[in-house]
Amino acid sequence: EDSIQRRLERARQELEEYKSMDWDYIVLNEEGNPAAGSRALVRHLQDLWMRDGTEDVVAVDVAIEAGGVAASSEPSKATRKNVFVEFSGLARKLGTDGVDLGQGFPNFDPPDFVVQALRDELEGQSGGGPRIRHQYTRTAGHVPLVEIIAERYSEHLARTIDPMREVAVTVGATGGLFLALQAALAQAERNHASGASAGSREIVVLEPFFELYRSQAQGLGAKLRTVPLQFDQEHRSFQLDVEALREALGPQTAALIVNTPHNPTGKAFDKEELLAIAEVVREHPHICVISDEVYKFMIFDPPDGSETDAADKPAG
1 EDSIQRRLER
11 ARQELEEYKS
21 MDWDYIVLNE
31 EGNPAAGSRA
41 LVRHLQDLWM
51 RDGTEDVVAV
61 DVAIEAGGVA
71 ASSEPSKATR
81 KNVFVEFSGL
91 ARKLGTDGVD
101 LGQGFPNFDP
111 PDFVVQALRD
121 ELEGQSGGGP
131 RIRHQYTRTA
141 GHVPLVEIIA
151 ERYSEHLART
161 IDPMREVAVT
171 VGATGGLFLA
181 LQAALAQAER
191 NHASGASAGS
201 REIVVLEPFF
211 ELYRSQAQGL
221 GAKLRTVPLQ
231 FDQEHRSFQL
241 DVEALREALG
251 PQTAALIVNT
261 PHNPTGKAFD
271 KEELLAIAEV
281 VREHPHICVI
291 SDEVYKFMIF
301 DPPDGSETDA
311 ADKPAG
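Read in order, the letters of the sequence shown are residues 1 to 316 in the working numbering.
A hint or two may mislead.
[Said to hold, decoys possible] Pair ranges (Cβ atoms, derived):
{"no.": "1", "residue 1": "226", "residue 2": "156", "range": "51 to 61 Å"}
{"no.": "2", "residue 1": "5", "residue 2": "119", "range": "32 to 42 Å"}
{"no.": "3", "residue 1": "111", "residue 2": "166", "range": "24 to 34 Å"}
{"no.": "4", "residue 1": "6", "residue 2": "156", "range": "25 to 35 Å"}
{"no.": "5", "residue 1": "109", "residue 2": "140", "range": "44 to 54 Å"}
{"no.": "6", "residue 1": "86", "residue 2": "272", "range": "14 to 24 Å"}
{"no.": "7", "residue 1": "5", "residue 2": "86", "range": "20 to 30 Å"}
{"no.": "8", "residue 1": "125", "residue 2": "166", "range": "27 to 37 Å"}
{"no.": "9", "residue 1": "111", "residue 2": "250", "range": "15 to 25 Å"}
{"no.": "10", "residue 1": "94", "residue 2": "156", "range": "10 to 20 Å"}
{"no.": "11", "residue 1": "285", "residue 2": "158", "range": "44 to 54 Å"}
{"no.": "12", "residue 1": "237", "residue 2": "166", "range": "27 to 37 Å"}
{"no.": "13", "residue 1": "121", "residue 2": "151", "range": "35 to 45 Å"}
If you're looking for bench data, these hints aren't it; they were derived computationally from the structure. Being a predicted model, the structure only gives us computed values, none of them experimental. Even glycine gets a Cβ: it sits at the ideal position worked out from N, Cα and C.
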């Protein structure tokens, strides 16, 4: 307790010291556009140098230009605003006259049992001192956590999951997706090097798709190939085009992302569609299928052929 109080007091002193400093800063926010951000940074550097009596800023301009991020007054295709930036900007302009349904903004507090568990952990004692686990966990996930995840998903998938070999905890779903794509592309490279398959650098997604898929494919140096879903006017829903999917997959495909329930349409693929996807994939056993089921527990109208009597099952 004394040690904690000393650290808190020192932290308060440092905060007071920081408050007394005369900070000179400018916040740059160019909506995720690296080219525009680089140009803005150059302008502010020029202002600072001119303030100090320095006029030679050509070197910085050249360095930025050589990097390729500010060589054009127009943002490149890879750095244009995405749908989330566009709609978030519109929502901010509308203010209280609009509601942004494009992003998740939790408007509720964490469950009481979660808050209590954190409180118990912080206040727990061991050997006369704090019991806080202030140390790195196992890289693939804290053992008690992966064990409970394996138990849970053994029910989901109706087979026994090995917690130490088949479960990995990532920094959010975004980190998990990136690692899955990276692993799929790496395996494709190994297959190509061994002569087992052709070079596979394509990631196939069903369109429309979650914008993150495009940026992660670009970041990994892969090509994103899309298969448009077909809109059924009669049923007012999107349907899988099996033949279009079959044409898109091939030796060049490293991974296929199947997102159900689907973002942004809300479609939950029915059993017949999922079986059709499986049949097509079996024609290309080298392809890694990534099942993005982040909304699997938010189905209000189960699709045909789903396990409606088993609420613990994933979507479809």
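Status of the hints after comparison with the structure:
1. 226 - 156: 51 to 61 Å: Given range 51 to 61 Å: violated, Cβ gap about 28 Å.
2. 5 - 119: 32 to 42 Å: At roughly 18 Å between Cβ atoms, residue 119 and residue 5 fall outside 32 to 42 Å, so the hint is violated.
3. 111 - 166: 24 to 34 Å: holds (28 Å)
4. 6 - 156: 25 to 35 Å: violated (47 Å)
5. 109 - 140: 44 to 54 Å: violated (31 Å)
6. 86 - 272: 14 to 24 Å: violated (35 Å)
7. 5 - 86: 20 to 30 Å: violated (49 Å)
8. 125 - 166: 27 to 37 Å: holds (36 Å)
9. 111 - 250: 15 to 25 Å: Violated, at about 46 Å.
10. 94 - 156: 10 to 20 Å: violated (40 Å)
11. 285 - 158: 44 to 54 Å: Since residue 285 and residue 158 have Cβ atoms about 23 Å apart, the given range 44 to 54 Å is violated.
12. 237 - 166: 27 to 37 Å: holds (34 Å)
13. 121 - 151: 35 to 45 Å: Violated, at about 21 Å.
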